[in-house]
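Working from the sequences, and respecting the hints, build out all of it.
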Amino acid sequence: MALTEDRARAAAARTGWLLSAPALTLLFIAAIGPLAIVLVYSFLTPGQYGNVEWQFSWDAWIGILFTRDIFDGTLGLADAHLTIFWRSVQLSVLTTLITFAVGFPTAWFIATRPPSERAFWLFLITIPFWTNLLIRTFAINEVIRNEGLLNTFLLWTGLIAEPMRILYTDTAVLIGMTYVYLPLMVLPLFAAIDRFDMRLLEAGYDLYASRWQVLRRVILRIVRPGIVAGSILVFIPSLGAYVTPRVLGGGKNMMIGNFIELQFGQGRNWPLGAALSIALLVIVTIALLFYVRAATKGNAHG
Amino acid sequence: MSRSVAVEARNAVKAFGQGAAAVRALDDVSVQIRTGEFFTLLGPSGCGKTTLLRLIAGFETPTSGRILLDGRDITADPPNRRPVNTVFQSYALFPHLTVAENVGFGLAMQGRPKSEVAATTERMLALVRLEAMAGRRTSQLSGGQQQRVALARALAPKPRVLLLDEPLSALDLKLRKEMQVELKRLQHETGITFVFVTHDQEEALTMSDRIGVMSAGRIQQIGSPREIYTRPVNRFVASFIGESNFLPGRVVPGGVRLDCGDTIVAETGTVGGQVTLAVRPEQVRLCAAGEPGALPATLTDLVYFGTDTHCHFALSDGTEVVSRLQSTATGEPGLEIGSRLGLRFAPGAVQILGD
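Protein chains in written order, with the working numbering: chain A, 1 to 302; chain B, 1 to 355.
Mixed in with the good hints there might be a few duds.
What the hints assert, rightly or not - So the derived label-pair ranges between C-beta atoms look like this: (1) A/L159 x B/F16: 40 to 46 Å; (2) B/T63 x A/D197: 23 to 29 Å; (3) B/G272 x A/D197: 55 to 61 Å; (4) A/L288 x B/A216: 58 to 64 Å; (5) A/L97 x B/R3: 53 to 59 Å; (6) B/S327 x A/R199: 43 to 49 Å; (7) A/V102 x B/A216: 45 to 51 Å.
Said to hold, decoys possible - From chain B, some residues computed to sit far from chain A (all C-beta separations above 10 Å): (8) G19; (9) P253; (10) E291.
Said to hold, decoys possible - Examples of chain B residues toward chain A, derived with CB under 8 Å: (11) A57; (12) F59; (13) P79.
These are computed hints drawn from the structure, not numbers from a lab. This structure is a prediction, so every number in the text was calculated from the model and none was measured. Where a beta carbon is used, it is the ideal one built from N, C-alpha and C, also for glycine.
Here it is as structure tokens:
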């Protein structure tokens, strides 16, 4: 009897593997394979015309943080690199915070609509996904540039005397990323709020909690898995963002993604680009581990 | 014994919806609940009893009328400013907190010192016999245990009035009986005024000091369980609490002439008025047919319930009357379907209803 059961379970497991084989194959070829190549390249020497020479070197990894002085060959901290890292982290954290601040009321609004209307609101949230990211980013460009919609309108109302310079600043990048990643924050938040038992609000008020206390002590604590998921979904692509800082930040306000691209393009330093890519991956993974651990600490003893 | 009024609704009206489509969940309800009593709002679903409870808790504001607590008008106060706590039908325990944290939540929100919160929580958990569960998550508890956590949580801040919204409806019969006893004990030990909402008449009769029977947004009758049962004021109360036989008739000098043609001696009001007599089945006695003063009737059905047997009779005009007899081991000799008997009503058992 037990034997038959074991055999059935083994068969089920085999079928499971078989079913996921296409996905696993794709994952191996498209993700792990290239990653291995990138990892190998990061330990090679840059070639003359891009490309790599098969000669082992730590230079790319050292080059992440340090530059070699062209005159005496001593190592110094690479200020430009640090600025780019710092800007990337800063903008990504800000993007995550702003999408949360905007996304939470939005998700709450949708989750508290009658079920028949919810689908419509969720549909509106997903509409931006229908258009190519590049086109949407250029649309933002059109709105915020000096002669764009926003400035034209503000000049017309007389609120400002001369156009505000937003385009090609960090603010422009921030606006663009907030817009692009907002749905990724709203959807997991909605899923979490949708599961939230609204009767707990009354229980909170009944037990002398003010509105603010109910939000902080009850709602935010219970929908925390949604906050964690949304933050991860926004923070990670923000950190590696390429199109948005490129189009809205101009050439100057680079983020890590643009910096990596630069190494593979004009910079003609593939190993440095490869090392930067791997470093980004490691940073994201570590940040994620810390974040998830901190965010789920309250639920650990359960 | 005259006691002060803990909570009072004055001409409370609550309408949902706008204009012509508005539904009056509460229609001019006035009720005084005395300090320290176990008061039950009893009625079928949709009668407005939960709405009244929510007005007292502050989750709803009355369309008109006022809510007073210890004589103070609290109509405009939000729930978190009212010294009133609720035990919710769904319990509404906080899933992210432990049992102890749930119980201490109200005290913590009131800003009481940590030591006091801890001490009171411990005392409350002891009161509901859940000391061993203090560190558990509420999802790890059984329904009855969750119920007790909800009670402890609502009692911990020592509210002036405890509101209970059908708290036992989710429990199975055996647990419900246990919790009924438990609730009475808690009320006795804490001395807090309980306002209990239920649609279960037996629960209301066994637990309450006083009952307010509600129907269609109005209070139909307020009184002790005995008063409500033995002296119902109208047909709704007589049929909702326990079972009743209703006999329509007209007032004549010295009694009531029933529609079936027989006259019953009773003290009544105006001669000529249309009335309904209500008689409890256990107050209907059987006697030989043709005995003076007895109503002639034909036995149509016998239903055995274990402790009692219900005898269904038809009067001469077909009106059905049920008599409840205590069952005997040998069955009811002489009672056969179709047999003709006389019915008598126990003295004082006939209630005359206006409408």
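We went through each hint and held it up to the structure:
1. A/L159 x B/F16: 40 to 46 Å: Check passed, 44 Å falls within 40 to 46 Å.
2. B/T63 x A/D197: 23 to 29 Å: 28 Å Cβ-Cβ, so the 23 to 29 Å window holds.
3. B/G272 x A/D197: 55 to 61 Å: At roughly 59 Å between Cβ atoms, A/D197 and B/G272 fall inside 55 to 61 Å, so the hint holds.
4. A/L288 x B/A216: 58 to 64 Å: This hint holds: roughly 59 Å between Cβ atoms.
5. A/L97 x B/R3: 53 to 59 Å: holds, 57 Å
6. B/S327 x A/R199: 43 to 49 Å: At roughly 45 Å between Cβ atoms, A/R199 and B/S327 fall inside 43 to 49 Å, so the hint holds.
7. A/V102 x B/A216: 45 to 51 Å: 47 Å Cβ-Cβ, so the 45 to 51 Å window holds.
8. G19: holds, 21 Å
9. P253: holds, 58 Å
10. E291: B/E291 clear of chain A: closest Cβ-Cβ about 60 Å, beyond 10 Å.
11. A57: With a minimum Cβ separation of about 6 Å from chain A (threshold 8 Å), the hint on B/A57 holds.
12. F59: Result: holds, 6 Å to nearest chain A Cβ.
13. P79: This hint holds: B/P79 lies near chain A, its Cβ roughly 4 Å from the closest one there, short of 8 Å.
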